[in-house]
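*Asks:* Just so you know, the sequences run in chain order A and B. Okay, so the first sequence: first residue is 1 according to our numbering, each after it adds one. Okay, so the second sequence: first residue is 1 according to our numbering, each after it adds one.
Do not rely on the hints blindly, as some may be mistaken.
A partial selection of chain A residues facing chain B, derived with a Cβ cut-off under 7 Å [as the list claims (entries may be wrong)]:
#  : residue
1  : Leu8
2  : Gly9
3  : Val10
4  : Arg52
5  : Val54
6  : Ala56
7  : Asp58
8  : Asp59
9  : Leu62
10 : Asp64
11 : Ser74
12 : Pro78
13 : Val79
14 : Ala80
15 : Gly81
16 : Gly82
Straight-line C-alpha distance at most 30 Å; calculated DSS-like pairs for lysine-lysine [claimed, not checked]:
#  : chain 1 : residue 1 : chain 2 : residue 2
17 : A       : Lys51     : B       : Lys125
18 : B       : Lys125    : B       : Lys111
19 : A       : Lys51     : B       : Lys91
20 : B       : Lys125    : B       : Lys91
Since the hints were made in silico from the structure, they are not lab data. Ideal placement from N, C-alpha and C gives every residue a C-beta, glycine not left out.
For reference, the chains in residue letters:
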Amino acid sequence: MAVTVHCLGVFRELGDSFTVEAPMQSVADLRAACDAYLTAVGRHDLVSVLKRSVFASDDLVLRDSDVEIPNAVSVLPPVAGG
Amino acid sequence: MSVLVERNGAGWHCGLVEGPCPVVGLDAQVSDPAHGAIAQFLGVVRNHNEGLAATAVDYDVHESLAIQSLAELCEELCGRYPVRLFMQHSKGWVAVGEASVVIAASSAHRKDALAAVSEAIDLLKVRVPIWKREIAPDDSHRWLDGHSLRSE
Numbered sequence: 001m002a003v004t005v006h007c008l009g010v011f012r013e014l015g016d017s018f019t020v021e022a023p024m025q026s027v028a029d030l031r032a033a034c035d036a037y038l039t040a041v042g043r044h045d046l047v048s049v050l051k052r053s054v055f056a057s058d059d060l061v062l063r064d065s066d067v068e069i070p071n072a073v074s075v076l077p078p079v080a081g082g
Numbered sequence: 001m002s003v004l005v006e007r008n009g010a011g012w013h014c015g016l017v018e019g020p021c022p023v024v025g026l027d028a029q030v031s032d033p034a035h036g037a038i039a040q041f042l043g044v045v046r047n048h049n050e051g052l053a054a055t056a057v058d059y060d061v062h063e064s065l066a067i068q069s070l071a072e073l074c075e076e077l078c079g080r081y082p083v084r085l086f087m088q089h090s091k092g093w094v095a096v097g098e099a100s101v102v103i104a105a106s107s108a109h110r111k112d113a114l115a116a117v118s119e120a121i122d123l124l125k126v127r128v129p130i131w132k133r134e135i136a137p138d139d140s141h142r143w144l145d146g147h148s149l150r151s152e
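Construct all of the structure, not just a fragment, from the sequences and the given hints.
*Replies:* Take a look at the structure:
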């Protein structure tokens, strides 16, 4: 399965989006695929941010246990509005 | 300034705007002849943070989730306090001295309006998907850390 991950916040340092492709049964698998991608591109700093990030569709924050994975998601690092 | 998206409910209004938030006329957004108190909060970009100089903050926003989160926050606070509530947050570039967030609440007596405004900014900072890219005088930048939305 291929998933386009739209970047927000500090993840924008990777560009507007990146794509991960791997067998995925749940959002936890998507997280693992993103972790592998960040490691492969040498962004170990973002690996640690990813651990504190969530994935979201246009209108819903996803949980790692969710089994429905949209073809496109956003990755939301820790928020800092105000 | 242009309004990107906004929502209304019973006694509340929230929105996201491009650039700095307007600060004039904020009281009129929540005025009510039955209310004797109006409390306001303006979050303004300052010229320093954590010992470093800053000239602006560039706000990144997940628009659809942010407006949904702001609307839920307004609903929650208007359910907890007898207030009229107005909240607006910036997306994009906001220079030092300009407002990035404005909140106003009115109530019959001051305690409810003050409490609602205080709680609104506290909750906004930890719930709404917005991020700060702080700009330094030499045009370098850094993304500021924040509060994780992950609960698992």
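*Asks:* If a hint holds in the structure, say so; if it does not, say that too.
*Replies:* Evaluated hints:
1. Leu8: holds (6 Å)
2. Gly9: holds (3 Å)
3. Val10: holds (4 Å)
4. Arg52: holds (4 Å)
5. Val54: Holds, because the Cβ-Cβ distance from Val54/A to chain B comes to roughly 5 Å (cut-off 7 Å).
6. Ala56: holds (6 Å)
7. Asp58: holds (5 Å)
8. Asp59: holds (6 Å)
9. Leu62: Constraint on Leu62/A not satisfied, violated at 10 Å.
10. Asp64: holds (5 Å)
11. Ser74: Holds: closest Cβ of chain B sits about 6 Å from Ser74/A, inside 7 Å.
12. Pro78: holds (4 Å)
13. Val79: It holds, given that the least Cβ distance between Val79/A and chain B is near 5 Å, below 7 Å.
14. Ala80: holds (3 Å)
15. Gly81: holds (3 Å)
16. Gly82: Holds: closest Cβ of chain B sits about 5 Å from Gly82/A, inside 7 Å.
17. Lys51/A with Lys125/B: holds (20 Å)
18. Lys125/B with Lys111/B: holds (22 Å)
19. Lys51/A with Lys91/B: Roughly 25 Å between the alpha carbons, so the hint for Lys51/A and Lys91/B holds.
20. Lys125/B with Lys91/B: Holds: Lys125/B and Lys91/B sit about 14 Å apart, inside 30 Å.
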